[in-house]
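Chains as they are written, first to last, in the numbering used here: chain A, 156 to 599; chain B, 156 to 599; chain C, 156 to 599; chain D, 156 to 599.
Possibly wrong hints are sitting among the right ones.
Intra- or inter-copy, both count: the list cannot distinguish identical chains.
Taking lysine-lysine and the DSSO-like style, the derived pairs with C-alpha atoms no more than 30 angstroms apart in a straight line are [to be verified]:
1. K222 with K272
2. K245 with K222
3. K599 with K539
4. K272 with K599
5. K599 with K361
6. K240 with K423
7. K204 with K219
8. K272 with K219
9. K361 with K245
10. K552 with K361
11. K552 with K539
12. K245 with K536
13. K531 with K204
14. K222 with K536
15. K204 with K240
16. K423 with K552
17. K539 with K245
18. K599 with K240
19. K204 with K361
20. K423 with K539
21. K592 with K272
22. K531 with K552
23. K536 with K240
24. K423 with K222
No lab work stands behind these hints, which were simulated from the structure alone.
Please read these numbers as outputs of a predicted model, since none were measured by experiment.
There are 4 protein chains.
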Amino acid sequence: VGIIDSLTVTGPLANLFSDDSILQAVLRFEAALARAEAACNVIPQDAAKDIAQAAQAGNFSAEKIAKEARLSATLAVPVVNALRKLVHSKNPEAASFVHWGATSQDVCDTAMILLLKEAQPILEAGLLRIETSLRRLSDEHAHTVMLGRTLLQAAGPITFGLKAAAWLAAIHRGRTQINAAFNQALVLQFGGATGTLAALGNEGLKVSQKLAEELGLACPEAGWHTHRDRLATLLCACGVLTGSLGKMARDLALLMQTEVGEAAEGVKSGRGGSSTMPHKRNPVGCVEALASVSRVPALVSSFLSGMVQEHERGVGNWQAEWPIIADVIQATGAAAAAMAEVTEALTIDPARMRANIDATHGAVFAERAMFLLAPKIGHEKAQKVLETALAASRQQKRKLSEALAQTPEATEHLDAATLQSLEDPDQYLGMAEEFRKRLLDSVK
Amino acid sequence: VGIIDSLTVTGPLANLFSDDSILQAVLRFEAALARAEAACNVIPQDAAKDIAQAAQAGNFSAEKIAKEARLSATLAVPVVNALRKLVHSKNPEAASFVHWGATSQDVCDTAMILLLKEAQPILEAGLLRIETSLRRLSDEHAHTVMLGRTLLQAAGPITFGLKAAAWLAAIHRGRTQINAAFNQALVLQFGGATGTLAALGNEGLKVSQKLAEELGLACPEAGWHTHRDRLATLLCACGVLTGSLGKMARDLALLMQTEVGEAAEGVKSGRGGSSTMPHKRNPVGCVEALASVSRVPALVSSFLSGMVQEHERGVGNWQAEWPIIADVIQATGAAAAAMAEVTEALTIDPARMRANIDATHGAVFAERAMFLLAPKIGHEKAQKVLETALAASRQQKRKLSEALAQTPEATEHLDAATLQSLEDPDQYLGMAEEFRKRLLDSVK
Amino acid sequence: VGIIDSLTVTGPLANLFSDDSILQAVLRFEAALARAEAACNVIPQDAAKDIAQAAQAGNFSAEKIAKEARLSATLAVPVVNALRKLVHSKNPEAASFVHWGATSQDVCDTAMILLLKEAQPILEAGLLRIETSLRRLSDEHAHTVMLGRTLLQAAGPITFGLKAAAWLAAIHRGRTQINAAFNQALVLQFGGATGTLAALGNEGLKVSQKLAEELGLACPEAGWHTHRDRLATLLCACGVLTGSLGKMARDLALLMQTEVGEAAEGVKSGRGGSSTMPHKRNPVGCVEALASVSRVPALVSSFLSGMVQEHERGVGNWQAEWPIIADVIQATGAAAAAMAEVTEALTIDPARMRANIDATHGAVFAERAMFLLAPKIGHEKAQKVLETALAASRQQKRKLSEALAQTPEATEHLDAATLQSLEDPDQYLGMAEEFRKRLLDSVK
Amino acid sequence: VGIIDSLTVTGPLANLFSDDSILQAVLRFEAALARAEAACNVIPQDAAKDIAQAAQAGNFSAEKIAKEARLSATLAVPVVNALRKLVHSKNPEAASFVHWGATSQDVCDTAMILLLKEAQPILEAGLLRIETSLRRLSDEHAHTVMLGRTLLQAAGPITFGLKAAAWLAAIHRGRTQINAAFNQALVLQFGGATGTLAALGNEGLKVSQKLAEELGLACPEAGWHTHRDRLATLLCACGVLTGSLGKMARDLALLMQTEVGEAAEGVKSGRGGSSTMPHKRNPVGCVEALASVSRVPALVSSFLSGMVQEHERGVGNWQAEWPIIADVIQATGAAAAAMAEVTEALTIDPARMRANIDATHGAVFAERAMFLLAPKIGHEKAQKVLETALAASRQQKRKLSEALAQTPEATEHLDAATLQSLEDPDQYLGMAEEFRKRLLDSVK
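Based on the provided sequences and hints, a complete structural model is requested.
Here it is, written out as structure tokens:
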């Protein structure tokens with residue numbers, strides 16, 4: 156990981172898109188292509204063997220290739236040239252069969268697909284950690300009451316268990332969708348210069364199928380050089396999932412506010428510290444998740460804009476894809492990793508949650524009183540009674556129920572027991588537990 | 156349709172998001188809610204009846220509601236107030252039961268979902284028209300050869316049938332995905348103030364299910380006030396689909412260039428004209444499609460960014476969604492409508508296609524010659540032979556095969572018959588027809 | 156204002172981009188063009204007179220024009236046709252001189268520029284209201300101490316006066332930039348079919364200058380049909396300014412949280428209410444500002460992407476601009492209007508601000524203690540002392556200074572007076588007032 | 156440059172944001188801070204000396220710092236810790252004065268500003284190369300006629316000189332704006348924990364001014380931790396400029412199409428080649444420019460979205476900025492470098508330009524005929540005459556003037572000389588040369 160993006164990229168996904176890893180993927184394509192073509196008797200067996208043997212990342216200079224790539228606007232040209240030269244030095248005849256029948260985009264796209272295939276389990280692992288933690292937290296806090304908050308204002312009570320279950324269900328839906336998108340996107344690219352595999356005569360489809368098999372990828376109906384919808388769908392799925400991760404991170408950062416104090420990230424040695432303030436326990440995991448998450452939507456839009464690719468090979472749009480794809484996958488992985496760490500070590504403070512409810516002096520139960528009074532005295536009158544009682548409660552810093560107990564229009568219809576339990580959050584949770592269970596059940 | 160967006164919105168989808176249509180959807184929710192609650196004995200039957208009767212768009216002033224919406228940052232408040240007042244004038248008791256147990260976001264979100272449900276068949280119809288036309292075009296032109304073009308440079312031949320099939324398959328994949336996304340997104344929103352339906356006591360879930368049934372929507376596991384992933388997925392699907400529509404539109408606009416002239420949009424009276432140039436036959440359908448398409452990626456990113464919604468109701472992000480959703484759906488529909496019109500009346504000029512191949516003097520078959528020569532004389536030497544022959548062909552404006560016929564290194568290995576047929580596009584199409592069929596087969 | 160965007164558009168800017176307003180601007184161009192051409196003896200005087208007379212919005216059907224615009228991908232064609240017909244009915248000879256020498260984009264672009272000219276004072280007015288309010292608030296609260304908050308955690312004290320001054324300076328910089336961008340963008344578009352004004356022979360430049368004068372616009376060096384940088388700069392300036400408005404709105408929404416309670420939006424009758432919760436005082440102005448603000452960045456990116464316009468007239472990109480421009484200007488105006496209302500009626504609670512500082516038990520002054528101790532006992536030891544004291548303070552819910560008073564390493568170097576005043580926020584404000592004044596001074 | 160972004164980043168700007176370069180900038184801040192504080196007698200002179208001496212990039216492990224940065228969500232913490240440790244090993248007392256009074260964001264933001272200061276001349280150099288080339292091309296081709304093209308359809312003639320001048324003027328405006336933005340953005344960040352510099356007592360402002368001077372930066376009115384408008388303006392300026400670069404690149408890629416052939420990128424050894432097609436001369440410079448350009452708009456929107464930063468330090472938004480800034484600057488530099496290379500070696504084919512005009516058989520002069528006929532026979536009749544003549548010209552593949560010569564309504568009003576010169580492009584250029592000169596004059 157470079158310093159510049161140390162907060163939005165993690166080690167494994169930095170490595171995945173490193174020079175070495177890309178070179179390996181590119182060369183894996185060339186080797187597999189040669190083997191597949193030999194298997195279909197399109198090129199000689201020994202050529203395939205020599206090509207495969209030369210196609211080792213260690214034989215190439217990434218720096219040189221990156222530099223030369225600018226001459227042809229694709230790294231395929233310098234890689235193929237270097238590979239051909241290497242093969243030639245050992246077996247001149249075989250050199251002609253390097254990259255036989257393929258086009259630059261075949262190798263570049265397939266290499267990226269191979270990298271994405273490796274990215275999938277990395278993302279999956281992070282997401283599963285989150286799901287496991289959230290299920291645990293939801294169960295542990297099935298009955299932990301806390302303020303609901305709408306427009307950042309205190310509202311009626313919910314349970315933390317319900318909140319966690321809703322996060323979980325959204326992340327699970329996101330993971331399901333990402334996996335579906337991976338499954339559709341992990342297809343071979345192979346069409347030759349214009350997508351017809353003309354250079355392979357009648358053997359094009361057979362070689363394709365063999366090549367896909369060699370690489371462990373699906374064989375599509377046809378090349379998809381300028382039809383990027385499968386990749387776009389994958390990036391979109393990352394966009395949706397990171398949106399759900401970001402929602403959870405924002406919620407937690409808000410719960411961790413000094414004035415709220417209902418949650419805290421785990422404290423490891425040195426974690427969450429400040430460069431100048433000794434008292435700080437910063438929400439660093441949420442910060443990093445939000446930083447990663449915030450990058451994704453615009454990157455997705457960049458990719459979508461770039462789908463309008465010209466004819467059989469795009470002019471600039473295709474060539475912009477790699478950094479976009481890498482950034483999206485890396486940001487998704489980093490957000491997942493950060494939230495995995497956060498949720499695994501999250502501390503919840505049920506006492507503070509209840510204290511924050513109490514601090515509203517019952518105001519958040521005004522709705523409850525409303526539903527009790529309105530059918531009796533009409534909506535309008537009930538509204539007035541409550542507004543008066545709320546004002547009294549606010550000014551006198553006493554409970555809404557106490558203010559109502561002084562209000563004849565209220566006491567006429569609400570008996571003492573009702574008033575006394577008005578502000579008991581456990582009695583005003585509606586379907587919270589039911590909904591929590593339904594959400595958990597939706598996560599297979 | 157207003158003038159400001161007359162090129163990116165069509166009539167039916169302008170109407171769908173009109174004041175009247177929104178009001179109707181909002182009121183449909185309130186009426187159905189009352190009925191569902193009456194059916195569950197939560198509110199009196201006659202209250203439900205009176206509420207349902209009052210809930211007619213004609214009874215409300217959209218202008219007044221739009222204006223008052225700013226006071227509470229939601230149109231639900233003025234609508235509910237106006238409805239309550241109206242009901243009160245007829246049945247004062249019933250007035251208290253208006254909007255019983257629901258929150259603003261319940262009615263707003265569900266209203267939007269009801270509108271989206273109506274949008275689905277409109278989008279579907281446009282897309283099906285395109286698919287039908289493209290299948291027809293692909294079949295008609297299964298053997299119409301044309302230049303493949305990579306990086307906007309002439310490359311080996313393809314068939315227009317293959318090109319059309321690839322457009323078709325991408326659009327079909329996009330439509331499939333949009334429909335899947337609609338199916339997942341068309342769910343009721345109903346959670347009350349903080350998502351627990353606390354105001355409905357133990358009847359919350361039962362009322363939910365009844366309400367969903369009344370409205371023809373699915374009943375979700377729980378409210379989803381601040382979990383917007385299902386909607387995000389729908390907008391993303393629109394983003395991917397419009398990317399594929401845009402790709403086709405860009406291709407066609409390029410094919411319609413005066414200097415290329417291989418395709419033309421149908422000419423209806425007045426269509427494609429210019430305000431000053433009598434000779435113009437502008438690609439207006441493609442222009443309109445591209446204009447619509449180009450709007451979508453950024454809108455998708457806006458929606459994704461807005462997913463990070465706070466706690467139980469978002470602060471600004473949720474409230475920004477409506478115009479974004481409307482814009483995306485309208486742009487998608489307009490792009491589909493424009494391309495439906497374009498593809499249905501598209502004129503293809505096979506003679507010009509062949510002439511454009513011929514005008515390259517065989518240069519685009521250099522690859523073919525390469526694959527014939529390289530195994531014989533080695534890749535490097537073959538490359539040189541071809542470069543020389545290509546230069547000669549360019550300078551002397553004669554065919555590549557003729558230039559090669561003058562080159563001993565070539566004639567030694569390529570006999571006269573081979574050279575003569577070198578530039579026959581029909582003989583260098585590889586898997587074009589095979590791939591075309593596979594693509595069509597993928598479209599059920 | 157339509158319901159769909161009632162939270163992100165205000166009346167005046169809805170009207171500005173209404174059908175009628177656009178038609179007027181379009182016709183103003185045609186009338187001025189005729190007059191300018193007559194003045195340069197390019198067309199007959201009476202033709203100009205008759206054209207100008209016919210060019211009244213009331214003579215045209217916006218609905219018909221919007222519909223017909225799709226036939227030619229520009230509203231100019233139906234408008235010009237209708238205008239020509241109308242002129243013809245009165246003076247057949249004059250009809251030929253309608254739109255003489257202009258192209259569709261000349262009239263559309265110039266019409267938009269005329270609208271933008273009217274938008275400028277509307278935006279300006281909103282921003283000036285904000286600046287006035289913020290200056291007042293900053294002065295009133297020059298010495299109102301409050302928590303600084305970093306990463307949403309309590310940090311050392313600042314003054315609300317400084318905070319307001321920083322908002323003010325940023326908004327002022329934004330307004331300055333918007334005005335500069337307006338000044339550069341308010342230029343005539345006039346180039347004829349391909350930008351050479353060829354149809355006007357040698358009179359092109361003279362007519363241009365006359366036309367610009369007629370319309371109160373600057374005359375550019377040449378037409379700018381496919382060079383959209385001036386408009387892009389204007390939208391970018393809106394993007395930057397709304398970013399600053401959003402920052403203030405987010406800050407205020409956070410300060411208005413129930414658990415923070417340091418600020419409140421003014422309460423007008425009905426403002427800030429909820430559809431179900433009687434106690435709510437929602438931050439509706441901030442919500443609306445944030446909703447508007449959140450729309451802008453993606454719209455800016457859409458416009459920037461669309462700058463890549465082909466040759467002398469863009470294919471789809473130009474045609475997508477109008478709704479983007481309108482949305483950006485409207486969102487900017489709506490955000491400014493919302494924050495003008497918020498800042499004018501904002502209530503600040505200095506007591507609560509001080510109470511929130513106190514509630515940290517002095518933890519936020521740990522940095523201060525650190526700077527006192529470190530030079531005496533070294534950074535590392537000081538850090539340990541403070542961590543221990545902070546833990547004690549947290550557990551025992553007493554002041555940090557009290558915990559330190561129990562710590563020999565601290566008392567050895569910090570005398571009683573120092574400890575006693577350690578947590579006095581007024582004594583740890585550094586340059587707050589100095590910086591506040593510098594910021595105010597930067598706002599002319 | 157890594158392989159992943161080898162097409163969108165150039166060497167110098169890859170180096171600028173490398174680990175080593177960032178570390179140097181970070182340490183430069185810490186050293187200058189110590190010196191400035193010593194100069195103001197805030198810390199001991201010898202502490203400053205020892206700190207400055209230790210602050211060498213070579214003393215630190217970028218890898219370790221990048222890794223540890225995740226623990227505190229800022230690289231400042233590990234850097235400061237490591238620096239303090241290093242200083243401590245030499246001078247324990249001095250260690251306490253490392254980073255004295257500063258906050259993490261002070262050092263991070265200022266380091267980025269220092270890097271941007273180095274980026275400015277790199278961008279400038281590329282842009283100046285383009286401007287020089289375009290001025291030369293414009294002068295050389297002041298009278299080279301070519302088709303204007305609107306909506307990708309042939310339209311009336313222009314000169315390549317005018318086209319180049321318009322590109323030039325737009326890029327010059329963009330450069331002017333970028334430089335202005337740099338000048339405003341290159342300011343010190345220094346505010347301490349919450350922006351008051353409280354830890355420096357009364358010396359805050361003095362240290363600020365000294366520090367700014369040490370670093371060659373301007374000293375702002377106050378810290379700007381959560382006011383990012385100056386940086387946003389810089390990125391926006393990059394967005395606008397790259398839009399203009401992209402417009403030129405798109406135009407050139409279109410002119411380089413095989414079927415158009417009016418321009419060609421310079422051919423260096425190996426440049427523009429394909430991995431499979433020997434005949435290809437790909438527009439690689441334009442492709443790379445477009446790839447870079449296409450990345451910028453979304454990145455700009457990301458940055459603008461991130462401006463909504465909370466209170467005195469943002470939660471996730473600030474932390475996402477670095478990769479965004481680096482990407483924008485790098486993409487801008489890469490686009491400029493690519494177009495510098497393209498314009499310096501561009502080949503223009505005036506003969507082909509004229510041939511492409513001729514190939515329209517005069518259709519593009521229909522407008523000219525229209526302006527000659529309409530005043531004589533009325534607009535409607537003229538339109539009909541021209542439509543008939545155009546159709547005849549198209550069918551019979553002869554010149555429009557010849558078709559008109561057969562039309563009595565035309566010959567009655569247009570004499571033979573007029574008809575004969577109708578299709579002479581040099582006679583229908585209007586203000587082309589005048590506009591060209593005005594554009595060049597606007598570029599100082």
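Here is how each hint holds up against the structure:
Taking the shortest alpha-carbon separations for K222 and K272, both the intra-copy value of 27 angstroms and the inter-copy value of 25 angstroms come in at or below 30 angstroms. Taking the closest pair of Cα atoms, K245 and K222 come within 30 angstroms of each other only inside a single copy of the chain (26 angstroms); across copies the shortest separation is 43 angstroms, beyond that limit. Taking the closest pair of Cα atoms, K599 and K539 never come within 30 angstroms of each other, the shortest separation being 48 angstroms inside a single copy and 48 angstroms across copies. In the homo-oligomer, the alpha carbons of K272 and K599 lie at most 30 angstroms apart both inside one protomer (23 angstroms) and across protomers (28 angstroms), since each shortest distance falls under that limit.
Taking identical chains as interchangeable, the C-alpha atoms of K599 and K361 lie at most 30 angstroms apart only when they sit on different chains, with a minimum of 24 angstroms there against 39 angstroms within one chain. For a Cα distance limit of 30 angstroms, the shortest separation of K240 from K423 across copies, 21 angstroms, qualifies, whereas the shortest one inside one copy, 53 angstroms, does not. When the C-alpha separation of K204 and K219 is checked against a cutoff of 30 angstroms, the pair qualifies only within one copy, where the shortest distance is 25 angstroms, while the shortest distance between copies is 42 angstroms. Both within a single protomer and between protomers do K272 and K219 lie at most 30 angstroms apart by alpha-carbon distance, with minima of 27 angstroms and 29 angstroms respectively.
Taking identical chains as interchangeable, the C-alpha atoms of K361 and K245 lie at most 30 angstroms apart only when both belong to the same chain, with a minimum of 29 angstroms there against 70 angstroms between chains. Within a single copy, K552 and K361 get their C-alpha atoms no closer than 81 angstroms, and across copies no closer than 38 angstroms, so neither meets the 30 angstroms cut-off. For the identical chains of this complex, K552 and K539 are intra-copy neighbours only, at 19 angstroms inside a copy versus 40 angstroms across copies, given an alpha-carbon limit of 30 angstroms. In this assembly of identical chains, K245 and K536 lie within 30 angstroms of each other by CA distance solely across copies; the values are 17 angstroms between and 95 angstroms within a copy.
With identical chains, the CA atoms of K531 and K204 are at most 30 angstroms apart between copies only, with a shortest distance of 19 angstroms across copies and 89 angstroms within one. Taking the shortest alpha-carbon separations for K222 and K536, only the inter-copy value of 26 angstroms comes in at or below 30 angstroms, while the best intra-copy value is 77 angstroms. In this assembly of identical chains, the alpha carbons of K204 and K240 lie at most 30 angstroms apart only when taken from the same copy (15 angstroms versus 55 angstroms across copies). In this assembly of identical chains, the alpha carbons of K423 and K552 lie at most 30 angstroms apart only when taken from different copies (23 angstroms versus 40 angstroms within one copy).
Taking the shortest alpha-carbon separations for K539 and K245, only the inter-copy value of 21 angstroms comes in at or below 30 angstroms, while the best intra-copy value is 93 angstroms. Taking the shortest Cα distances, K599 and K240 never come within 30 angstroms of each other, neither inside one copy (53 angstroms) nor across copies (47 angstroms). Taking CA atoms no more than 30 angstroms apart as the test, K204 paired with K361 passes inside one copy only; the shortest distance there is 19 angstroms, against 68 angstroms between copies. In this assembly of identical chains, the alpha carbons of K423 and K539 lie at most 30 angstroms apart only when taken from different copies (16 angstroms versus 52 angstroms within one copy).
Proximity of K592 to K272 under the C-alpha cut-off of 30 angstroms is restricted to the inter-copy arrangement: shortest distance 28 angstroms between copies versus 34 angstroms within a copy. Taking the shortest alpha-carbon separations for K531 and K552, only the intra-copy value of 27 angstroms comes in at or below 30 angstroms, while the best inter-copy value is 46 angstroms. For a Cα distance limit of 30 angstroms, the shortest separation of K536 from K240 across copies, 13 angstroms, qualifies, whereas the shortest one inside one copy, 90 angstroms, does not. In this assembly of identical chains, K423 and K222 lie within 30 angstroms of each other by CA distance solely across copies; the values are 15 angstroms between and 43 angstroms within a copy.
Violated hints, in rising order: 3, 10, 18; the structure is consistent with all others.
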